[in-house]
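Asks: Sequence:
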Amino acid sequence: MKSITINLFKITLVSATICIGLASCSSSNIEDEIIKEEPQLKFKLIYEDEFNGDAYDTNYWSSYQTQSWSSAWNHYVVPNDAYLAEVKDGNLHLRARWNLDSNTPETGAIQTKDKFSFKYGKMEVKAKFASAGNGGWPAIWLMPQNPVYEGWPKGGEIDVMERLNTDAFVYQVMHQSDGENKHISSSKTPQISTTEYNTYGVVKLPNKIELYVNGKLTLTHEPKGVNKDSWPFETDFYIILNYACADQGQSGINFWPGNVNSTDNFPYEMAIDYVKVWKLVE
6 MKSITINLFK ITLVSATICI GLASCSSSNI EDEIIKEEPQ LKFKLIYEDE
56 FNGDAYDTNY WSSYQTQSWS SAWNHYVVPN DAYLAEVKDG NLHLRARWNL
106 DSNTPETGAI QTKDKFSFKY GKMEVKAKFA SAGNGGWPAI WLMPQNPVYE
156 GWPKGGEIDV MERLNTDAFV YQVMHQSDGE NKHISSSKTP QISTTEYNTY
206 GVVKLPNKIE LYVNGKLTLT HEPKGVNKDS WPFETDFYII LNYACADQGQ
256 SGINFWPGNV NSTDNFPYEM AIDYVKVWKL VE
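Residues 6 to 287 (this note's numbering) are what the sequence shown spells out, left to right.
Keep in mind the hints are simulated off the structure, nothing from the lab. Honestly, I wouldn't trust all of these hints.
[Stated by the list, open to error] Lysine-lysine pairs mimicking PhoX-like chemistry, simulated, CA-CA at most 20 angstroms apart:
1) LYS187 with LYS131
2) LYS49 with LYS159
3) LYS187 with LYS229
4) LYS213 with LYS229
5) LYS281 with LYS47
6) LYS93 with LYS49
7) LYS47 with LYS120
8) LYS284 with LYS187
9) LYS118 with LYS229
10) LYS127 with LYS187
11) LYS221 with LYS118
12) LYS124 with LYS284
13) LYS93 with LYS131
14) LYS213 with LYS193
15) LYS120 with LYS221
16) LYS213 with LYS120
17) LYS133 with LYS221
18) LYS159 with LYS124
19) LYS213 with LYS49
20) LYS193 with LYS127
21) LYS229 with LYS49
22) LYS47 with LYS229
23) LYS284 with LYS120
24) LYS284 with LYS49
25) LYS133 with LYS284
26) LYS133 with LYS187
27) LYS281 with LYS93
28) LYS93 with LYS47
29) LYS159 with LYS93
30) LYS221 with LYS159
31) LYS213 with LYS124
32) LYS229 with LYS131
33) LYS124 with LYS47
34) LYS49 with LYS133
35) LYS127 with LYS284
36) LYS281 with LYS124
37) LYS133 with LYS213
[To be verified] Estimated spans, in silico, between C-beta atoms of each pair:
38) THR109 with ALA135: 38 to 48 angstroms
39) SER67 with SER267: 30 to 40 angstroms
40) THR63 with LYS229: 39 to 49 angstroms
Virtual Cβ for every residue (Gly too), placed ideally from N, Cα, C.
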């Protein structure tokens, strides 16, 4: 009887010790989780365009004009062409067509430069590729309104989406310099639907930029491993939407998408359902 009592006492003591230990561990884990939890960011919608009219809103958008820092990608942009940048049936249709007289493509592009930009916040664009072919190069991207550092890539560039040809994936790329003249970048190539709408997003925060496809985080870019003073993204960036084509050798280089090898699939088209921008609430 004494032996049984002692054993029961030992079991009870061990059980109590285990329970206390488990409670302590559980409490510690919960505390760690609370400590590690990031504060919820708050955003306010400041711009939304669902392209439900018969033209894009010129209070925010203008036809793209070739600029000094851009050359090969926009050889064929035709400003103010109603077909190449057309609002119809609840979409903005950005197109590329083949000009039989010049034997070159003609492409559409619009931008918010000097009209709308944002510093910290997020943007989402819903778009699909209505038609595509070799040499095609649609894009959704951001450039600095008033660059912290002059010149490319020092001023920074945020490529929210670039698609080449008929690929089933897109390129998302961050561009900047190392503080000198060396170009550095980070990139991902997430898969997309080639026939349905996809959403492309960017969250622009102090010291961090996140890129998304269909609500999934695909790329985080931070000023790690680079000269801290070279971070160019702490300023307002404006939006560019375009359907470009390879430069067909005009710049003397074999440009990224490759040349158009047939005009049979023209026109190429990207249809944009909406553009939304939220600002970060301080």
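Asks: Each hint: holds or not?
Replies: Here is what the structure says about each hint:
1. LYS187 with LYS131: violated, 33 angstroms
2. LYS49 with LYS159: violated, 30 angstroms
3. LYS187 with LYS229: holds, 16 angstroms
4. LYS213 with LYS229: Holds. LYS213 to LYS229 sits at ~10 angstroms (cutoff 20 angstroms).
5. LYS281 with LYS47: holds, 15 angstroms
6. LYS93 with LYS49: violated, 28 angstroms
7. LYS47 with LYS120: violated, 24 angstroms
8. LYS284 with LYS187: Judged against 20 angstroms, a Cα distance of about 31 angstroms means the pair is violated.
9. LYS118 with LYS229: Violated. LYS118 to LYS229 sits at ~29 angstroms, over the 20 angstroms cutoff.
10. LYS127 with LYS187: violated, 28 angstroms
11. LYS221 with LYS118: violated, 28 angstroms
12. LYS124 with LYS284: holds, 8 angstroms
13. LYS93 with LYS131: The given pair, whose Cα atoms are some 15 angstroms apart, holds under the 20 angstroms limit.
14. LYS213 with LYS193: holds, 16 angstroms
15. LYS120 with LYS221: Roughly 30 angstroms between the alpha carbons, so the hint for LYS120 and LYS221 is violated.
16. LYS213 with LYS120: violated, 25 angstroms
17. LYS133 with LYS221: holds, 17 angstroms
18. LYS159 with LYS124: holds, 17 angstroms
19. LYS213 with LYS49: Holds, at roughly 19 angstroms.
20. LYS193 with LYS127: Between LYS193 and LYS127 the Cα gap is close to 19 angstroms, so the pair holds against 20 angstroms.
21. LYS229 with LYS49: violated, 29 angstroms
22. LYS47 with LYS229: violated, 25 angstroms
23. LYS284 with LYS120: Holds: LYS284 and LYS120 sit about 16 angstroms apart, inside 20 angstroms.
24. LYS284 with LYS49: holds, 5 angstroms
25. LYS133 with LYS284: Violated: LYS133 and LYS284 sit about 25 angstroms apart, past 20 angstroms.
26. LYS133 with LYS187: Judged against 20 angstroms, a Cα distance of about 35 angstroms means the pair is violated.
27. LYS281 with LYS93: holds, 18 angstroms
28. LYS93 with LYS47: Between LYS93 and LYS47 the Cα gap is close to 33 angstroms, so the pair fails against 20 angstroms, i.e. violated.
29. LYS159 with LYS93: The hint is violated at about 38 angstroms.
30. LYS221 with LYS159: Judged against 20 angstroms, a Cα distance of about 28 angstroms means the pair is violated.
31. LYS213 with LYS124: holds, 12 angstroms
32. LYS229 with LYS131: Outside the cut-off at roughly 31 angstroms; violated.
33. LYS124 with LYS47: holds, 15 angstroms
34. LYS49 with LYS133: violated, 26 angstroms
35. LYS127 with LYS284: Answer holds: LYS127 to LYS284 is near 6 angstroms, not above 20 angstroms.
36. LYS281 with LYS124: With a Cα-Cα distance of about 14 angstroms, the restraint between LYS281 and LYS124 holds, given a limit of 20 angstroms.
37. LYS133 with LYS213: violated, 28 angstroms
38. THR109 with ALA135: 38 to 48 angstroms: Given range 38 to 48 angstroms: violated, Cβ gap about 22 angstroms.
39. SER67 with SER267: 30 to 40 angstroms: Because 33 angstroms falls inside the window, the suggested range holds.
40. THR63 with LYS229: 39 to 49 angstroms: holds, 41 angstroms
In this structure, the hints that do not hold are numbers 1, 2, 6, 7, 8, 9, 10, 11, 15, 16, 21, 22, 25, 26, 28, 29, 30, 32, 34, 37, 38, in rising order.
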